[in-house]
Amino acid sequence: MTSQVLLIEDEPNIIEAISFILSRDGWQVRSHSGGQDAMDVVRARKPDLIILDVMLPGRSGFDLLADIRADPQIAATPVLMLTARGQRKDREMAERAGASLFMTKPFSNAEMLEAVRSLAPRT
Amino acid sequence: MATLNILVAVCVAYVVLLFSVAFAADRAARRGRGAWLRSPLVYTLSLSIYCTAWTFYGAVGFAARSGMEYVTIYLGPTLVMIGWWWTLRKMVRVGRSQRITSIADMISSRYGKSNLLAVCVTILAVIGTTPYIALQLQSVTLSFAAFSPAAGAGRSVQSIAIYVALGLTLFTILFGTRNLDANERHHGVVIAIALEAVVKLLALLAVGIFVVWGLEGGLGATLARIDASPIAAFEVSGSRWTALTLLSAAAFLCLPRMFQVMVVENEDESHLRTAAWAFPLYLMLISLFVVPIAAVGLDLMPEGSNPDLYVLNLPLLAGQDGLAILSFLGGFSSATSMVIVAAIALSTMVSNHIVMPIWLRATGGAAMMSGDVRHVALLARRLSIGAVVFLGYLYFRMSGGGTALAAIGLIAFAGLAQLLPALMGGLVWRGATRTGALAGLGVGFALWLYCLLLPSFGPGVIVPQSVMDHGLFGLSWLRPQAMFWTGGMDPLVHAVMWSVGLNTAAFCTVSMLSFPRPVERLQGAQFVNVFEHSQRPGSWTGGLGQSEDLLIMSQRIMGAAEAQEMFARAARRQGLSGYLPEPSPEFLEFLERRLSGSVGAATAHAMVSQIVGRATVSVEDLLAVADETAQIMEYSSQLEAKSAEQARTARQLREVNEKLTQLSVQKDGFLSQVSHELRTPMTSIRAFSEILLGGGLNAQELRKYATIIHAESLRLTRLLDDLLDLSVLESGQVVLNVQTATLDEVLDRAIAGAIGAAPGGLEIRRDPGFEAMMLRTDIDRLAQVFINLIANVRKYCDAGAPVLDIHAEPDGTRLIIDFVDNGTGIPIEDEALIFEKFSRLGDARAPGAGLGLAICREIMHRLGGAITYVPGQGGAAFRVTVPQMPG
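Going down the list, the protein sequences come from chains A and Z.
Note that the UniProt record's numbering has the first sequence beginning at 1, numbered continuously upward.
Note that the UniProt record's numbering has the second sequence beginning at 1, numbered continuously upward.
Warning: the hint list may mix true and false statements.
In silico lysine-lysine, DSS-like type, Cα no more than 30 Å apart, as pairs [what the hints assert, rightly or not]: (1) K89(A) x K667(Z); (2) K659(Z) x K89(A); (3) K795(Z) x K704(Z); (4) K667(Z) x K795(Z); (5) K659(Z) x K642(Z).
If you anchor each label on the Cβ, the simulated ranges turn out as follows [unchecked claim]: (6) E829(Z) x R88(A): 29 to 35 Å; (7) E831(Z) x D67(A): 25 to 31 Å; (8) D67(A) x Q652(Z): 43 to 49 Å.
Among chain Z residues calculated to face chain A with C-beta under 7 Å, some are [as the list claims (entries may be wrong)]: (9) S672; (10) H676; (11) R679; (12) M682; (13) T683; (14) S684; (15) R686; (16) A687; (17) F688; (18) S689; (19) E690; (20) T707; (21) I708.
Hint data in this document are derived by calculation from the structure and do not stem from the laboratory.
It should be emphasised that the depicted structure is a prediction, and the values quoted were computed from it without experimental measurement.
A virtual CB, placed ideally from N, CA and C, is assigned to each residue, including glycine.
Please construct the entire structure, taking both the sequences and the accompanying hints into account.
Shown next as structure tokens:
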């Protein structure tokens, strides 16, 4: 069974790009664009890895991360956070909220692959 | 021996000379010539009326009787002139700035223009001066008698006194009441007095020189004679010396005639500077030969001859008739000048403070409108002159011209010295009150009467012997010459000590215990701080006075031409034409002061207040008083102000800091937004370009990914354009290109720009009603706003069949254009946000960085109009208000 990656992101073109890169590498990628109902999706799918954008419509990525870490069922899931703001403050906030890894947009495809590989065990 | 007839002839000639000098001086002054009339020298010489016949003849007598004591009479004024120069200057400044007419006016003015006080001072002055005038008449008669011993006791000499009195009255009326305004200088009088000052000085010097070098044969011999004479042996009592110096100093300041020449007739304050050294010099010269004459007289003259007449008798004895006549003229000059000035001063006081108030009260307010006030005031003054001189003559006749008169000089001094506490206290002490002044004057006056004046007529004449011995009502502490058991003192020293001492004590105590009225406070501040402000604060509530009535009244007092000129000038100063100025507080103030020069401050105040209505104290006065009080608190209030200022500065700093912090937060937020908006397309571009670079894609994928890259680059470009546009608009550096176009032209352009060729299912409904209206504004920018709004409808309108309604309506010169779509509109909680930067609502998948409406708002702001969201229109509704811009 291939590892499942849940991508929570609101920019369609970025979803398209990350999906393409990870699928080609053999990951099963699911995507979700809203902030409000993201937790339900996470609980339902129980992904092996979550890629989470900080700026989501409806809900901040940091809040979502806090919820994930607070839910014992899914708390152990590694989370890769993406931000387009790239400020040191965001990185610190992400680390405090329990992000496994933090990446600033734009990123190189190789970086993305490497990060995902390091976070999720391949089965 | 010169006969009486020659003497009379000389006298008449001298009087004619005086008349012509006075007449010429008056004429010169009126024609604007004669600057020398106003010289400090003339002022100094006029001060010499201090040296009356009593000093002219009496000083020698004084020296012959009591040795060096006579020096005190000159020492007092000298000390005042030199040591109290500052006080004199203050007195003169006050006198000039307040248009003071007499010492009574001065004191009444200081204590709130109290007429009661003025009346008291006037009465005191009359009582104190009348014997003095009698003394002058006596000296003239005595000197006549010296020339003609046979006629001495006869009727002819007695009648001389009445001729002299008549002549003096005539002279004084002629030259002293030319103008009603007592504040105007009496040039004729002053110059005549100056001339007389020279005559008496020359006379005394001539006699002195004759005595020393003519009779004695040199300075050495004279000094030896003085040593041998009893003068050298006289013991000078310290207390008497002090008391006499104090008395003469006080008299110099308080004598009505001294006040007249020193303050009222003062032409220029700077003259005092010259007088400060010149007058003491004059006194020194005039007293130079007193002792030699006295010593030689004591030696040469027969036993029992009157030492008061040595000045006259020594030349006569030596057969020097010419010198004797000169000496006689000196004495005559001293007497006449004193009487003239005293009569002027007293008549001013009597008419201003007694006759005029009574007349005003008797006739009511009507009189000063219908009657001729000017005439009445002048008549009152002339009659007063006659009365004063006549009173002096009467006193002379009643007292029989006896030697009792000789002592009266010092008694008069002591009486007028009672004015000193109120006068000086008023000049230096703000706390002095009217009640205090009245109390001091009353106590001093009573004691002076009881201890000095009444007993001076001799025991048993007025004060019974029993009272002298055992005190009033048998109370031993009330003995006139041993008050409070202080017997054994010199009567004069005793009286001066108690009267002036208790006067001062009463003045101070009552002043401290009583509360000054507002007018007193104002006047007090004006007097005490005269050097800080020579202007009086207004004491009239303006607007109530009738300018015309005031003019009528002023004409009666000042004369028609002068009053009209003054009113016209005042009106011009107020920017009005004609003769009637607004009765502003300043004008009334000025008018009152002008009139007070004619009738005295209290009367002027009363007259103006009768016309203006409620006079007294206005709010401004009270404010001025409050201001004065505020000065005391200035220091603490300054401190308060400083700490308040610091607090204010601190608050300002805090506010600025908060603003900066806020701005910094906003800037951070904006940068973070810009970063997000730039990085998002960059992410797609980078990812897909790397995918493309990786190769192994089919043609369809290639095309798809290339399209994404292209679209995201366009998005990036648009974002940069918007950012640049916004920054230009916000910085205000945008240059507007104002053009004229009709609304439909602008809308056509905007719709074409927003939709292009493909309407994309959006139906636009327009309202042609007002679309033909001309717009004068930056058409390109306005079109940009419209494009944004139409594009937003395309992006966000969620209706199945989107429809945009555009309708326009004029509002005055402005045009209101509404854009209403049929979607769900904007949630009410977001309405406030939509015009903020980067405030894309919902899941903003639509292109655009969320700067569109922010740019629209900035543009409309620059165009002088507005863009607002109108809720409750069924869909999203934006209202654009466009004003017509100037060319």
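So which of the earlier hints does this model not fit? 18, 20
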